[in-house]
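Assemble chains V, S and A onto chain E, guided by the hints.
The lines below spell out each chain.
4 protein chains.
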Amino acid sequence: MIELKASQGAGADAPMQEVVQAAVIGATGYAGCELLTLLVRHPSASVTCLMSSGKDGKKAFPIEDSHPKLRGRFSVLCEPLNVEQVLVAGPDVVFLATPHETSHQIVPQLLEGGLRVVDLSAAFRLKDQSAYAKWYEFEHHFGEVLAEAVYGIPELDAPRIASARLVANPGCYPTSVILALAPLLNAGWVNISAGIVADSKSGATGAGRKPTERLHFPEVNENLRAYGLFRHRHWPEMLQELDLSPGDLIFTPHLLPITRGILTTIYLRLSSLRVLSEIEGLYRSFYAAAPLVRIYPAGTLPEILGVANTQYADIGFALDESTGRLILVSAIDNLGKGAAGQAVQNMNVMFGLPQQTGLL
Amino acid sequence: MIELKASQGAGADAPMQEVVQAAVIGATGYAGCELLTLLVRHPSASVTCLMSSGKDGKKAFPIEDSHPKLRGRFSVLCEPLNVEQVLVAGPDVVFLATPHETSHQIVPQLLEGGLRVVDLSAAFRLKDQSAYAKWYEFEHHFGEVLAEAVYGIPELDAPRIASARLVANPGCYPTSVILALAPLLNAGWVNISAGIVADSKSGATGAGRKPTERLHFPEVNENLRAYGLFRHRHWPEMLQELDLSPGDLIFTPHLLPITRGILTTIYLRLSSLRVLSEIEGLYRSFYAAAPLVRIYPAGTLPEILGVANTQYADIGFALDESTGRLILVSAIDNLGKGAAGQAVQNMNVMFGLPQQTGLL
Amino acid sequence: MIELKASQGAGADAPMQEVVQAAVIGATGYAGCELLTLLVRHPSASVTCLMSSGKDGKKAFPIEDSHPKLRGRFSVLCEPLNVEQVLVAGPDVVFLATPHETSHQIVPQLLEGGLRVVDLSAAFRLKDQSAYAKWYEFEHHFGEVLAEAVYGIPELDAPRIASARLVANPGCYPTSVILALAPLLNAGWVNISAGIVADSKSGATGAGRKPTERLHFPEVNENLRAYGLFRHRHWPEMLQELDLSPGDLIFTPHLLPITRGILTTIYLRLSSLRVLSEIEGLYRSFYAAAPLVRIYPAGTLPEILGVANTQYADIGFALDESTGRLILVSAIDNLGKGAAGQAVQNMNVMFGLPQQTGLL
Amino acid sequence: MIELKASQGAGADAPMQEVVQAAVIGATGYAGCELLTLLVRHPSASVTCLMSSGKDGKKAFPIEDSHPKLRGRFSVLCEPLNVEQVLVAGPDVVFLATPHETSHQIVPQLLEGGLRVVDLSAAFRLKDQSAYAKWYEFEHHFGEVLAEAVYGIPELDAPRIASARLVANPGCYPTSVILALAPLLNAGWVNISAGIVADSKSGATGAGRKPTERLHFPEVNENLRAYGLFRHRHWPEMLQELDLSPGDLIFTPHLLPITRGILTTIYLRLSSLRVLSEIEGLYRSFYAAAPLVRIYPAGTLPEILGVANTQYADIGFALDESTGRLILVSAIDNLGKGAAGQAVQNMNVMFGLPQQTGLL
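Residue numbers (the numbering used here), protein chains in the order written: chain E, 1 to 360; chain V, 1 to 360; chain S, 1 to 360; chain A, 1 to 360.
If you are wondering where the hints come from, they were derived from the structure by calculation, not from laboratory data. Incorrect hints may have been included.
A pair holds if it fits inside one copy or across any two, identical chains being indistinguishable in the list.
Listed below are the simulated BS3-like cross-link pairs for lysine-lysine, each with C-alpha atoms no more than 30 Å apart in a straight line [unchecked claim]: (1) LYS58 x LYS210; (2) LYS59 x LYS69; (3) LYS58 x LYS69; (4) LYS127 x LYS210; (5) LYS59 x LYS210; (6) LYS210 x LYS69.
Chain E extracted, bound-state conformation:
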C-alpha cells in the first residue's frame, strides 16, 4: 500500500522491506491481543504465526476463542509454543508476550536460529544478571544475551534498536517514568539529591490475564490500592535506564479500577529556578522528532482518556516557579506505548519503517 523508500526512521543500518513477517508468541494474553490488533492493520507487517505459551492444551485453536474481538481477523490458528516450528517458519521478527521464564528460555534459541526478537517480558531488560534472582525469582543463565539486548525505547535509542537482534521491550511503568524524566535528567536540571517521587496509577490489564483474587472484579472495582512500596520489579529498570541510585527515586504503583492506562505523577526539585516555558521548551526540543510523544502546553495536563487505545505518551507539567518544585504528569496506555504499541514501534525501527507506521 505505501510506497517503500529508503529508511526514514531509524539508523542507517536499518534494512528495508515490503512486508515484515511477524510471529506472535504468547498471543492469548492482553499484550498479545493488542499486538495482533495493531499488526493486523499495519500496512507493512503481516502475522504469519500465532502461538500460545499457555498450558491450555496441546491443540491449535482459533484466536477468537481467546479474544472475541479478533473474531474473523485471522485465518491462521494459534498453535502451542514450539520453537522448532518458529525457526522453520523463519519470520522476520518474533514478538514474545510470554512469561519472563519462557522468554528467558527461548530467546537464545531464537537468536541462534537467526531470528530477530522483540521480547515484551522482563527477561532481558536488566543488565545486572544477578538481579533476576532478587526481582524475578529465577536465575538468569544468559549473560551474553543480556549484554547484547537493547532496551527498547525508540525515542531514546533508535540507532541501536535499528540494528538490534534482540530488543527488550520496556515495562509499562518504566516507560511512563523514563520518558517523563529523561529530558530533565539529560539536561542536568534536576536536584537529584532532593529525591524524586514517581506515584503511578495503572489499569488492571497491566497485571496480566491470569486470574487471581487480587484481580478478581469485585476486589478491583470501586477500589484503589498501593502495592510494592519500595520494592516493585519495575523500579530497578527505571534506575538502570535513568542512571539513578536507589536513594534517588521512590516509585509507588497503584492499581486503578480501569482496564487500560497509566498516569504517573512525578515530584522533583529543579537544580535551579526556571520558568515553566523553559521546561516546556526543553521537552519540545528533546522530543521534536518523536511522533508518539506529545507535550502538553502550560495549563493543560495529560489524562488517561487522552491516551487509552492510542500509542502515544503524553507529558505535561506544573511548576511552582518560586520554589522550583516541579510536577510532571505522564500518561500512556499500558497496553499501547507501555507494551504492544512500543513493541511495534521497535519493529518499525528495526525494519527501517517510520516509527509511527501503523500506530496512528
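Just chains V, S and A now, kept in the frame of chain E:
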C-alpha cells in the same frame, strides 16, 4: 439465649429472645462478609463463632485478613470449619455461606445436633431430590431434610419460616423474580401461556469470590454478557416457587460490570386488560405488611442505585394499557435482599423479631 | 476529488475516487470524535473541514481542546458552524453529528448546494413527517427531503445508499435490533403475533456529551436503570425499518455503567419448530457478503468486550428447539457500528469503496 | 434503646440528652443523602427537618425524589430553605450540607437564633478571613464567627468540639491528609524542610452532585486525571491545621473513576532514622482512644475497599529504614469520615455521646 417473651414478629410459634447467638460458616466469601456486617450492628444478635470452609489452611486467622472492611470489628478469630466445635458452642442459629456441597454435607449434622440453620447455598432449595445431579452436579442424599427445609422468602412464607429448623435461603436472581411475579400470579392476572420473560442483570459479587478468568477484572469491566440461556441453575428454583412449567418462563441472566445489585426486567401479558393503578394497588395490598419491599408509583422505576447497600426489594411497573403488555422492573442488592439481608430477615422471623430488625 | 475508476464496491451507480474529502460538523461530541478517529486513519478519506454546532463561542479552536485523544492529529481548526463556508469548501461528503434540530435545518441547504450528506442525527430517519412532533418535539418542514433520504444500513440497502444524496444514519439501538431481526423476519420465520421483546443495554456515550444529572458520574456508576419503557424514540425507527406494528415489538433500553457498547437480548417465537443450525445457516447466508457482521457459532454468544472499539455487529443465538423460543443476542459499539463506524461505512458505499475500508 | 449515662465521650461541658433532634439543610446532595442515611439509623438522633437549598422550585417534595435509596425512610417532606422555619422548629443541631456561599450567609442567623451548627461547607474552615476571596471567590463578612468556629476533627480536638456552637466540618482531602500526618508532626519526627508530598485520589462524589462536563460519566469512567496542582482549595486548610508553610507541603488531587473513597499516598523524610515499629507504635498510641481510626500493621496497607461505606479512617506505612524515607497511606470514604460520618461524629461529641455512636 435468655429470656423469652411474647412474639412480636412473625408467626405465633416463633419464640422471642433478647440476643440471638449466631455462628457464621463460610465467613470469607462475599455473602459471609455481608452477614457479618449486618450482624455486628444488629441490636438483637451477636456473632459468637466464625468459620471458613476454605482450604486456605488449618489455622485460625483474624477476619480482617479476608475482609479489610471488618478490621477491628471482631475479636473472635475465624476458625477452620469444624462441625463438632459448632455443636459444642451451641449457637441459636448457624448461617451457612458455604459451597453447595459443603452445606449438603453438614446441614444434617447441625440439625441432628439440635441447631437451627439458615443455609445460603442451594443445597436445600429444590424439592426435587433428583434435580441436584442435573443442576448442581452432585447427588443429593438427604431427601427428608429437603422435605423439611423451608424456602425462605419471609414476605411469602413467614409462618413456616418462624418455626423452621432449616431455612433454605433463596438465590439472588430468584428473589428478584419471585417477589416481582408473586402478587400477579397469585391473583391469576397473568396470561401464562403467552410466556413470561425475565431478563436479569447482576453485579459480579453474585458469582462469588473464587477467581476465574470469567470474573477477572478486565473481562468484566466495560463489558456485559448474557450467560446460561435456557439453563441457569436458578431457573428451576423460580419455577418451583412460582408453580410454573418450564415453558412458561424464560430466564436470562447477564453479568454487569458493577460490584453489587440486580435489576430484573420482566415481560408478560395480563390475562385481561387493566389500568396501571390496579396493578399498583394489587402490589401495595400484597406487600402491605412487608417492611422490606417498596412499590414504586406510576412513572418511576427502581434502579440499582436505590437498593445497593440496602436490604430492600424495589418493584415498579410500566403497562401498555391498550394491549395488556406489562413490564415489571425489580431491583435488589444481590448481597442484601438477595443473600445476607434475607438470611438475617429469616433469622429475625425465626426468633420472633420484627422482620426488618437490624436491616434498615 | 480526482480520478475516477471503475466501481469496486457497492452498486453500479457508485462512483469511485481516490480520496474522499469530508467535512465533519458536530465535531465536539462523542460521535464526532469517533468520526475523526476513523477518518484520520482512513486510507481513502481526508477531513478537510471541522465545525462545531455548539454555542461554546464564535472562535475556531484546536479540536484537542475538545478531544484530548486527537491532540496532534489535525492541523485544521474546528470552526463554528457556517453552512456557507461548507458550501464554498465543497467537500465530497458532509457528516453531520449535530442535534436533530440543527440537522433538520441545514441538510436541505447542503443538498441544495450540491453536497452529499451522511446525517447521524434522527432528523431524516422517520418517513412519517408528522412523527417528529411526537417523538422529537419539533415540526418537520421538509417532507421531500425525508422522502429522498435513504436509511443507511449498508448490509440491507447498499444499492440505494450508493447513489443517495442523503443518508440518514441509523440510531444505535435500532442498528442492534434491526440487524439481529432482519434475516428472520425477511425469511418469515417469526411468529410475529406472539410478540417480540428487545431488551437493550447501552453504554453512556449513547446519550451524548451534554452534562445532565442523569449522566452525572455517580448516578450512572454502579447502577443500571431502565428508561423510556413503551416510548423510546428509537422504537418507531425499528418498526419502520422492520415493517412491524407497534403491538409486535416491545423495546426497553437500559443505561449501563460503561462508556461504549450495546448488548441487545431479543426474545421471540419461531413460526415453526427448527433446529439451531438452521438459524445459524440463515444468518450466515443472509450476511455472507457483509464484512462487518459476525455470526457466532452455537454455544458462543457476543458480548460487549468483543465489539467495543470495533466497527462490527456481532450476532448469536440460543434456541429452545422443543418450543421454538429463540433468543438473539446482538452486540455493537454504539459509537462504532451504532454511529460513526456505520457513517463511514455508508460513505464507503457512496463513494464506491469496499464497505469495510478503514474500518478494520 | 441505649441506656444513657453521663458523657463518656468528649469534654465535661458536653450536655447529655436522650434523642438529638437534627435538621439537615442541603439534603439533596450526596453529603446530605449520607447524613440522612446515618441519622435515620442513629440510636440517639432523629431528623426533624429536611431542607434543600437548591433552586429546584418552591415546593416541598419527598426526599426519595432526590435519593431513591431513601424511599420509605422519611415521612417528613424536604422543604425549600427557610431559616425562619428552622429557628422556629428549634432543632438541637443543624447540619448544613449547603454551598459555601449559602452556609456563609445563614450560619450567623442560625447561631444568633441559639442553634448549634455543623457546617459541611468550607465557609468557616479557614481562620484567615481574607483567604476566602482567593480560594472560594467570595468576600467573607463574618470574622467573629470565623474566630469562634471549631475545625471539627474529633480525634484532634474533641474538648473544643464538645462545647462548640459552630463546628466547621473538614474537607474530605484534608481529613485524609491531616489524620495521617498529625501524629508524626506532633512528635516532631518529620524533616519538614525536605518537603512533604501528598498525592490524593478521590472518588467522584467528592466533587458534588451538580452536573458538569468534567463529571459527565464518559469523562470520568476509565479515566484518571490530576487537577488543581499547587492550587487546590483544600491545601490552605491542611496548612492551617498542620501548622505548615506553603513550601512545606505539595498536595495533588486526582479524580478516580469510582463513586466514593479517597486514598492518599504521602511521601516524607523522617528527621532521624527510625524503625517501622516505632512509627506504628507512635500512631497506635496517638489514636489509642480514637474508635474511628484504624492503624494497619507492618506489611499491610489501607485500600479504598476497606473504608468505602464505613466511617473509618485507615492509616498504614512503608518505611525505607536505611534512608528514613516514609510513605504513609491513608484511606477514608469521602462521604463518610470525609464528610457526613465526621459530621455525625462531631454531633456525637457535641451532645456527649460516644464518638462512634451510630457510625459502626
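field: Violated constraints from the hint list, given by number and in increasing order
entry: none
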